[in-house]
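Just need the whole structure built from these sequences, with the hints factored in.
Going line by line, the protein sequences match chains A and B. The first sequence: position 69 = 53 (the numbering used here), numbered continuously. Add 1 to a position in the second sequence, counting from 1, and you land on the number used in the numbering used here.
Keep in mind that a hint or two might mislead.
[To be verified] Calculated from the model, a selection of chain B residues having no Cβ within reach of chain A, i.e. all distances over 12 Å: (1) S14; (2) V15; (3) A24; (4) R34; (5) R49; (6) N103; (7) L135; (8) E188; (9) G256; (10) K263.
[Unchecked claim] What the simulated footprint calls covered on chain B by chain A, stretch by stretch (three residues with Cβ under 8 Å from a Cβ of chain A suffice, anywhere in the stretch; the number is not a length): (11) 164 to 173; (12) 205 to 219; (13) 223 to 231.
Please keep in mind that the hints were generated in silico from the structure rather than gathered at the bench. Remember, it's a predicted structure, so these values are computed and weren't measured experimentally. Here a beta-carbon is modelled for each residue, glycine too, at the ideal position from N, C-alpha and C.
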Amino acid sequence: MVMRVDVVSLEASIFSGEAEMVFAPAERGEVGIAPRHAPFLTRLKPGELRIQLPGETLSFFVSGGILEVQPHQVTVLANTSIRTDAIDEARTLEAKQAAEASLASNPEAIDVARAEAELLEMTERLRVLERARKRGQLK
Amino acid sequence: MAGTKEIRTQIRSVQSNQKITRAMEMVAASKVRRVQARMQASRPYVDRMRRVIGHLAVVHPEFRHPFLLPREPVRGVGFLVIGSDRGLCGGLNINLLRAVWNEVRLLGKADVATRFSALGQKAVTGLRRLNVQLVATSTHLGDRPGPEVIVGPLHALLEDYRAGRIDRLVVAYNYFVNSMTQKPTLETLLPLPEKRDPELFDHWDYLYEPDSVDLLDTVLMRYLEAETYQALLENIASEQAARMVAMRNASENAGTLIDTLKLAYNKARQAAITQEIAEIVGGAAAV
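Structure representation (structure tokens):
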């Protein structure tokens, strides 16, 4: 049994196809969606989105967004999304350190909420990458 | 040699104008491809968003968000007008403002109040010239504006909607049909148009996480922002396409003008030479 899955962000359509199972980082904790799930609506937080196809599992990073579930249709409206194997580790680390530094140096001069969101996103990116590596999906 | 020198300077000035319009045409032509790609890239997002909103509009939740309720009668309409920052793009902005103004006149006859906010310099100055108050503006957007530029003008009108000063929210922009055609478009954002998805069964509701009030607000805001942003991208693509066509026409016109001037110049030159010869012949005959 499969369901239709669409993952889109403002920049591009990331994935569209049939899947057996979807795991998404919902605001209240990770959720697993199988076909014929009840209608469900939630916000996403930064984290890993996994789409289980027959025979392989795709891994994406989403920075947040909205998840809508209909019995045979899952829609992920991501703020930004990227395939986990496309994450640039060095640059992410750099961005993370920059966010940390700006938070530590002068909290008055910067937009704290924004810097914190940036830091959270970068930390999550690295975590997602790490987890995918442990599973042996990446080299 | 009366006139030949003046004509020559004129030709030169038209030629340098033509160089400029040619360059602008080529710049616009290369940009149009890029902005068009960007516009198309975000279309799937907006489409999927519309589908989710279509579902939301027909559910029967315990809580109805104010944006989901129909409003009758309409006593006020808010317009978010999206124009370009620069001119030299043909009738693009004028056509849009004219479409908006026709609508405003009709509403005025029916005693409906109107409120405006504007994106892009040309929309701002155009609306000011029509003596309207703008509740919010955002200008100097550049070719690659991020979604944040729409927030000010959009949220100001949403505030009006929440407060009941307006009962309908319309976004006005140039829809990109193809590079030769751009269509001034007025699209109603609020209240949400009701579309039924025939696949859905009748009485149902979502499971919401965390709670429906907060979540619906997020989803609806996202939707409105996505729609507005898409309209902005359409308008930018329209702007570049319109500029490309306008500049191509200008270059062609300059070409015909140069041809006519050259003809006039050659005639004047010929006339001068003929006259000189006649004078010489006349002088020789006298001797």
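Numbers of the earlier hints that this structure fails to satisfy, in rising order = The structure breaks hints 5 and 11; every other hint is satisfied.
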